Amino acid sequence: MKRLLRLPALLRLTLLFLITLVFQNCSQQKIKETTDETLNITDYLRANPDYSMFVEILDITNYASFMNTYGTYTIFVPTNDAVKEYLNDIGATSLNQVPLADLQNIAKLHILDQKIETTSFTDGKIATPSMYGQYLITGATNVDGVSSVTVNKTASIVASNLEVGNGVIHVISKVLRIADKTLAQTIEANPNLSLFTETLKATGWFSILNQPIPANSTNINDYLTVLAQTNDVFHKAGFDNLDQLKARYSHLHNPLDPKDSLNLFVAYRILPRLQYLADISVSPALVTKAPLEVISTKLDGEKILLNEDTFNGILEKGVEVNRGSSDITASNGVLHYVDGNFAIKKRLPAPVYFEFTDIAEFRRLTSIWRKPAGGYQTLFIGDAGIDVTWDAKASDASAYLAYNKAADGTSITSGIAGCWNADVCEIFRFRDANAQNVKFTTPVIIKGKYKIWISYRQQGTKLGNVKVFFDGVELPRQINLMEGGNTDTAGTPETVLESQGYKRYATPWSNRVNCRLVGVVDVPTTARHTLTLQSQGNFGAQSWFDIAEFRPVEMNQLWPKFTAGRGTLVYQ
Amino acid sequence: MQTKIKTILAIFILFVSASSCDNYLDLKPQDGIVRAEFWKTKEDIQAAVIGIYSSMLNSPPGVSDDFNMTEYLFMYGELRGDMLGAGGNVTDEQRDIMNTNIIAANGITDWSAFYRTINYCNTVIDLAPAVKGLDPTLTQTQLNNYLSEALAIRAYLYFTLARTFKDVPLKLTATLSDKDNFQIPTSTQSEIFAQVIKDLKLAEEYSVEDYGNNASNKGRITTYAINAMLADVYLWTDKYQEALDCTNKIIDSGRFGLISNVSGNSWFNTVYAKGNSSESIFEFQYTTENLPPFYSIFYQRPQFIASSDALEDFFGVDTANPSNRDIRGEQASIITGTNLIHKFVGFDNTSIKALQSSDTHWFVYRYADVLLMKAEASALLQQGQAAIDIIKEIRLARKAISLTVEDVGSEDTAGIISYILRERGREFAFEGKRWFDILRIARRNNYERLDILLDAAITSAPPQQQQSIKAKLKDPNSHYLPINTFVLYTNKALVQNPFYK
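Here the protein sequences line up with chains A and B, keeping their order.
Mapped onto UniProt numbering, the consecutive letters of the first sequence carry residue numbers 1 to 572.
Mapped onto UniProt numbering, the consecutive letters of the second sequence carry residue numbers 1 to 501.
Please keep in mind that the hints were generated in silico from the structure rather than gathered at the bench.
Since the model is a prediction, treat every value here as computed from it, not as a measurement.
Virtual Cβ for every residue (Gly too), placed ideally from N, Cα, C.
Take these hints with a grain of salt, some might be off.
Stated by the list, open to error - Derived coverage of chain B by chain A (criterion: at least 3 residues anywhere in the stretch with Cβ under 8 Å from a Cβ of chain A; other residues may be distant):
| id | segment |
| --- | --- |
| 1 | 87 to 101 |
| 2 | 188 to 196 |
Unchecked claim - So these bits of chain B aren't anywhere near chain A, every CB distance computed over 12 Å:
| id | residue |
| --- | --- |
| 3 | 58 |
| 4 | 256 |
| 5 | 301 |
| 6 | 405 |
| 7 | 412 |
Isolated chain A (complex conformation):
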């Protein structure tokens, strides 16, 4: 100490100064170990007393910790008032009295495993099913001048798009209830549908509509859609009881016979797949359970009209779907009401432009499918099987299909941007031993004679020839995927190209894409058919397919064309 004091004043000062500095710098620094403090769903709900009862449901069902894991979820959270109302409805005083299985189902119905913001809500179902399996439907209502977005028609959204770490929360005013009645039970429960119920029973369709869907299935093909007629509608058409209907339609006097007209009359009102009005309004033709027969649909302003067509220059009036009462969810399908009686109609062949990317497997990629920004997503054989399938081994990770979309506005000569909608169905390892036969299910094609044109994005190397099969029958011409489009400046008329089996299907046109006539087919039935692409090569590059056009033979084969990079048609 003495020695220290003996140091010159200046040095002592320096020492003191340095010591202070050292002490200052040694103070414990707080290092943040997390990069993000955003709460996850469960923590967010716990932090807010308004949702305590739903948190209780999550706790009882043991889903609380699961909803706190990382992921992309959408959760519909009923407020405490909503949960109390639910308890009231089922006659319980506390959540502990509700059977665990019920609570689990309820909780699962409120959770989707994709992040869906209200901006992607439509008038129909949310593209992703709930964890329970049932689809939720969205819409909007106006009560006393105040509009709100609704879920499953009854619950309105109180607060929306609350972003949390593992997804998004929408707060709703009512607990969503599981549809536990089958279509048959729903129809039978409505006294206005008594004649329709009787007819269903007489024709044997009642039991079909009463079958539950396979457990945990989320495949929309397992569901049914029914277009029901009330007694009133029957009455206006002159039918007051089953006997009158039998007298008018049942030509074989055995309604249980599928060939009997009354049976067909009912079958014509039952559509395969789960189709809400929003789906019906965008599909030009609906397949029915009546073999070979379809219903055409048309959106006129906001009316959905069935079977309104111009035939031989004469407008045939259609019947309107009753929007207000339709979209009733049942456990195995959906029920709609129509405002008039309608009968089976004969259909003329109409063109079908089947885009290879317009398949259920790709449509559920809601974040990129036909979105302006584009994107790329692979599809392995395990996830396929609805509208497309191919002969790869499940273990073969190098054979896959992919949805490939260029950003809108990309120059049409760059990549796949010159294709319709700027997207293609990409087949990787389209070759023997990997994915050799790729089988697509087409949209509904009406019975008749069609020319089939296949268009694709060309590539200069490592691709081979492709054979095309329609319903398993090989078509006469093969496609050479290395052959580019004709941009002949000498001005060869398109009709000459057409006679050689080529056309400039897109506009504006570039030589990056090409279109080939593969053959003429006689489509035997009005239904969905299969189109198989079979590779003849053993090369490894990606093959890019755009559209399969089915044009009736008597139709102009060149027009309308497809807008390159966009989703519109261009008429001559």
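Place chain B on chain A using the hints.
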């Protein structure tokens, strides 16, 4: 020796550690002027006023808004209307607004560009009067003229905000330091309109009739621009006689007129491609040195095109005689087939300007607007015949085809108003007015004509969302955009529009 080294070392350490801890360095900004050195002469005021205009043409230096003022004016006026379609490069946010799928997080609801320019106006209004004492060459009239420009622009921006967002915060003083209160609650739409009228009246008192050159007369605020704005606000606030008086002031001045008896080609070139025509009252003066955004958003990478039915629904197509056409429609507003919006990129009916010379102005008020506002006010004052005559006059000058003629009686006020709305659609296609026109007419008399708004929405709605859109629009609050999430976050005094829950 050792002591010496130690001493030197000690001094050195002290010097280094002491000087590094100091922050006496005080620099003035290298890229701007501080306030103490500005606001000395009348030239400073003029520079500040011109700065207001230029902030509306393109974002000021150092500011990176997503869009400039012209784009916001276009989007607020057209996205929700029934004439616009989505182009290939439309963003998700733009598409969401077009489909009434609006959430507060949508970036287009950011109003900062508006409040920035409003603050420029406030600064002029607050600080310019003091220059009078410093610069003896500044006359009171000159000062008033500058104030009238700032007042009118501020009023126009508040008017646009109130039409777009309904209730917005009203700030009438300049923000000069960080200590200002930024937590301002909203004022109601009617309060904003009242303030706008008050400001415009004062501005009119102070205003300039003629700057002495055409570019300034069309590019800066004149008595006539102020009266056009006033007429517009009066129509929104149901003061029809006042609106009529304002339009008459402009018409009676004799300075403006419709260009008639010219070919469609030359009319388009004069009014739009060149701009500052005798039909013009107030335009944003883009030049080849200061280009507008149009070439990119309408032509090069089109974000917007005309909706597929716009040409046929509004202008009509004479299939028997293709050369019989409304000079405002085909090849003027819209290119047939591709549906490109031609108005802001075209040189004449057949050619498009090159990128570097694409300098078409943004048209805030044109003479036809004044005429049609007069027609609207007349019709609502039960002077139906006067309104019909004005529509006829415009249709004659524009060679409108007989397909779009409507036969309405002079007593049929509702019919005349619908006719005016359609004529306005033809006349001001894509000039940022469509949605405001629909909304103004629909909301009058407690939403008596809500059907107009719903019909317009149905025609442009995607089929699978139509019903939701219709239900949403039955709520009047849904006709206004939400306050942006980020703005709500920073200003706790704001309350969100109840529709956007």
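Hints versus structure:
Evaluation of the coverage hint for the segment 87 to 101 of chain B: fulfilled, as 8 residues show C-beta separations to chain A shorter than 8 Å, against a requirement of three. Check result for the segment 188 to 196 of chain B against chain A: violated, 0 residues qualifying (beta carbon to beta carbon below 8 Å, three or more required). The beta carbon of residue 58(B) sits about 22 Å from the closest Cβ of chain A, which is more than 12 Å, so the claim that it is off the interface holds. For residue 256(B), the requirement that its beta carbon stay farther than 12 Å from each beta carbon of chain A is met, with the minimum near 40 Å.
Taking the minimum C-beta to C-beta distance to chain A, about 5 Å, the non-interface status of residue 301(B) is violated against the 12 Å cut. With a minimum CB-CB distance of about 24 Å to chain A, residue 405(B) clears the 12 Å threshold, and the non-interface call stands. No Cβ of chain A approaches the Cβ of residue 412(B) within 12 Å, the least distance being about 24 Å, so the stated non-interface status holds.
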